[in-house]
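Participant: Protein chains in written order, with the UniProt record's numbering: chain A, 1 to 421; chain B, 1 to 844.
These are computed hints drawn from the structure, not numbers from a lab.
Incorrect hints may appear among the rest.
Pulled a few chain B residues facing chain A out of the computed Cβ check, cut under 8 Å [as the list claims (entries may be wrong)]: (1) 462; (2) 517; (3) 595.
The structure displayed is predicted, hence computed values, not measured ones.
Ideal placement from N, C-alpha and C gives every residue a C-beta, glycine not left out.
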Amino acid sequence: MGKEKHNKNPSGKALNLLRTRLTNPNFIFKTFSDSPDSNYSKLKFIISSSVTEACNNSILLLGPRGSGKVAVLELVLSDLLQQYPEVISVIRLNGLLHSDDNCAIKEIARQLCMEHQLLFSKVASFDDNSQFVVAMLRECGLAHKTIIFVLDEFDLFAQGKQRLLYSLLDAMQSVTSQAVVIGVSCRLDVDQLLEKRVRSRFSHRKLLFLPASREDTERFLEHILSLPMDSTLPQKYTVEFNERLKNILADERFKEVINTCSSFNSTIGYLVKFLFQAVSYMDLDVGFLSLENFKTAASSIQRQPKLECIRDCSVLELYLLVCMKRLEVKEQTSYNFNSIMTEYKSIHASFQTSDYYARNVCLRAFEHLILRELISFTDNKANNQSVEYRSIKLLISPVELDQALKSYRSCPAILLKLMDR
Amino acid sequence: MADNEEGEENVPRGNEWEVVSLTASAYAAAPGPKEVETKENSTDDSYEPEVAETSRALFMSGHFVFPPSEHENLPIEPLEPDDSIEHVGKDVVPESGVDEGGRSRTKGEEDWTLKGLNVHDEFPGLQFFDKKHGTEFEEGTTLQGLDLIDKDQSLYSAAAFSSFHSEEALGGSTTYGEDSIVSELVEASEQGIVFPADIPQSPKTLPDAKYDGSNLPCEAWWKRRAVSLYTHAKDANAFWSIFVAAAVMGLVIIGQHWQQERWQALQLKWQLSINNEKTGRVLGSISRLKDVIVGGHRRYSFWNASLNAKLMAREESSPVTRRTTRSYSTSNNGVESTKPTEFYKPTLLDLGFRQQPLSFEDLLSNFPGRRAQILELLRLLGPLNSPMFPILVYGGPSTGKTSVTLQVFRHLNRPFVYSSCVTCYSPRILFESILNQLLFHRKNSGNSYSSSKRCEKPSDFVNYLREALESVIENLKGNVGKSSSKSSEQPNGTMIYLVFDNLERVRKWDKSSTILPFLFNLSDILKMPEVGIIFISNTSPDTFYSNMGYMEPITLYFPDYTEDDLRQIFMANQSNRKLYSSFLDVVLRPFCRVTRRVDELSAAFSLLFKMYSEPLSDKEAALNEEMKRRLFSQLQPRIAPVLNETFQVPSQPLLKAKSIQEAMKKCSSKMPGIHEDHDKMDFHMSTSAKYLLISAFLASKNPATLDASLFDSFGGSDGRKRKRKASEKSREQKEMAEQELLMKGPGTFPLERLLAIFQCITSLAEDPFDEEGSHDLTIEGGSSGLMSDVLLQLSSLCNANFIIKGGSCPLEGSTRYRTAVSEELALKVARSLKFPLSKYLYRR
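Only chain A is shown next, with the shape it has when bound in the complex (with noise of 0.2 Å):
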């Protein structure tokens, strides 16, 4: 019933074509190869001359997550492979799945075998897989093909002996080898993670992928938003579609929430995941976007979930916390579940308060605080000790508390006046 529906009503197909490339990385970032400084074409050149000219080379791209760094590569690595069909086989290597060297030595050896149709065995030694690589790596150097390492989270790699990034490159300094290996990391020191023997064989070129300017910004949103005029939706809710989306990038509160969002996270991932939430939050019986859905996305992409955490709380739970901050305030070193019931009596002997409740009460009330994480214990070993008496901390600092009970629902005004004082 539901597909049917959306045959016939563009919206839904606009909106399948709208995710479909917010989450297709190629096609976001192929709006920001053309430019001739863009690190797209810097990093094509290299790896072609590279390739070309039959060299060795390495190299390093570095930039927060989200900002494109492997969607580039991807892109560039694709193209290549279009241009030297014969010539290049690529490895992919990611530090989280690959940083034990046996385990990434297994995988190059896999790798290799896939693409050029050997038998791989999977009992095959580390000492085995290495000797093949190499032996791998001098014969592509011979029939002249590159093999191309992309390790992902390169950082992983430097943790450790190092023995994987050792042996790859120094395969590399052999004459008949034809190797590139790019490294991609989000930490920009990652080369002074390297060790010294290793550091001394790598080519010290790094790429840094910086976020976009205002301007490719705005490109990039008519871009990746507006709807292509060439497709199978019907041409005239296409263009309304469009014209709607013009006057909603050229709003000046448009702008602001953008502004807004990138001062944030500037990269480009952020960005699309808010674009993303934007997108689904279309009214599908409206069928076009609005402002709105950018105000909401906005609004649920900017949680602060400690301020949520503390608003679930009940009124006993919030009484907790107060007592706990109250003993923070008195500089009190460490305390502990029973420091604060002694607080909580005191509260009550002083305010008489209507929320007076029994110490089991009280624990479980605590119990929970425990669970939503806003408390914790200061430290790990149990040493035997029953909840009371281990020493806890609280997870929140005493503005958000503050902060969190004046937007409380019915907070009891006694609260309000304890956090005071």
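Let chain A serve as the given structure and place chain B on it in line with the hints.
Facilitator: This is chain B only, laid out in the frame that chain A set:
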């Protein structure tokens, strides 16, 4: 019978005699439980005159019951002697509890054999006697399998037992004294010369015994066989378990005839007679088991135990229900159980919910208060076949995260793979469970419950996962192309969703620092637009931050239910809506100030509602204002106690024994606000354990320096000095000390101090001991006899978490203990003993 003997004799064991002992025990276990019962009674009667106290208590042990079912081919006659043997044997080795006793003995094996051998060396001539006796026995009975050697075996072990436990044997068998021969035996047993005394006696009794219907008093040589039963226990570990099961059944039947006090006395005895730590641990479980028996539903607990194995097996074989969440498990059961039990081959259909898709209206009405979240989740998932970014669904416990997510998939009827990090508690299990689902692999006996792929490392997992996903997506695409008029069962679309529940658990895993970023980056690593990833977590996204960094998923927050939501939730499925809504008017507000968790509230409310509607005779009657007011006034004072009862934290030892039901009983049976039955303990504990608990409490609370003044012969608190003036400095000190006490909790103490205090208070409190009954005294004898068992009691208290065994003191090197008992509980225990605890408690 003969077969049994053969088989058991073949068991290779160290000493010959140990092996042989098996035979005796093998047929000792002959008849069905019915006979046991009747004959028990008859023997009991016959004993009564002479063995009044002791044998009674022994009976209780149930040791004589031994009705093992697998020896049914045996004649029933031999039962009788066995039983009576066991009576006697019982007092020699009273700790041989019903089942665990057997195991405990296996642990103490070394001791037994040692002792046994000693005896053997000392009295080599005994064997001869015994053989003679054995032959006689064989002639007189229908039992053919009895070995001669068998007899001497039991003989030795009997000696071993008696010498081993000479103290107890002495104490226990004083009542036996009337029988002159037996008294001889007892005396002899102290020095290890049991046999000359008792062997001449046994042949005499044999002929008239005749084994059936005999009212004979127990005879010494029977004892031997009983003892051989014990020794058998340590040999036949595997076998023993069967015996144990049978014994347990018998015990249940007979146990009903006996009163609670008997158990109490018995427990003391059990524990008295075991000396080493290992056995003590086993004993701890016995005593707990016994508590269950005393608690009332004996039969149940035992039947359950014996049935457990079967049930487990059955559960294994039935297909595991995949898509059940807490709230939906009941409704799902019917559907899931229709699957065939034999090797079910999952198909692509299994990736869907396999149920009638939920309409949108139903979805919304099923989850009151979750409308916004459902809508947002639907939006983020998007229309059919649209790719998505990873989503993190988070919110407190019992806010409906998992249910909503899964039901949304039911509504959309899209394929998904659900795995919870609670059940998949390690990376490997998590990976394999996902792969199994994707590869349509189900663990069963055919593949010996193995997974489809073995993968531990994320790198392998990604490779396998990519393969599996590609084939599944291929499949899905093929389906779409093939059948445009597809059935409703077929999952929709070509997207496949991976749902990871309870993600917060991953943080506690060993390799959390690599697994967490891996999971968060999974969609980037896979680079497959057809795969959607959904994380569900109890904790907010900021608790996952690490210095690794990751592309944050889109977050979707499930806030706690508001009061209005809660009202809607509780009003759902109520038969008497009017009554319930007036009830909610009363209770919802005060409870919401404490907690807004549905699970906790529903537990509390179900209890309260019963109380609320209690005064109403006709539940359907219309509620008028006056009625409401009356009900309200009746309920109002009860709210606070229920609040306290239901929100007790179960980690406290005190609460283990308590159930909500009891709380209800309490609240409904008496006037609110008065807690007169606080004197009563909710659980059972032996007297010496109680004293031990009190002494541990005292040792924890009182400073060690005050022990002398508190417990010296002048006694009481008179020794305390109260001359100190409340100067500024001392007050300050006092405050500091108070602070310290709050922070530190109960103090630790070495074992020696605990024992010293224990001895002091038991010697001081002699009077309550007299009240307990004379048999207690006779068993315990002097306080010197107590010492060995206190260690045992201590270890069982440790196991019950009343006393915590801490690390060793760096200076002294001995283990230190501390109590986990609250003051209320200690006072309660003291009151049950009529022990003036507050007199000994040092107050700062």
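Participant: Now tell me, hint by hint, if it's right for this structure.
Facilitator: Results of checking the hints against the structure:
{"no.": "1", "hint": "462", "verdict": "holds (6 Å)"}
{"no.": "2", "hint": "517", "verdict": "holds (6 Å)"}
{"no.": "3", "hint": "595", "verdict": "holds (5 Å)"}
Checked against the numbered hints above, the structure breaks none of them.
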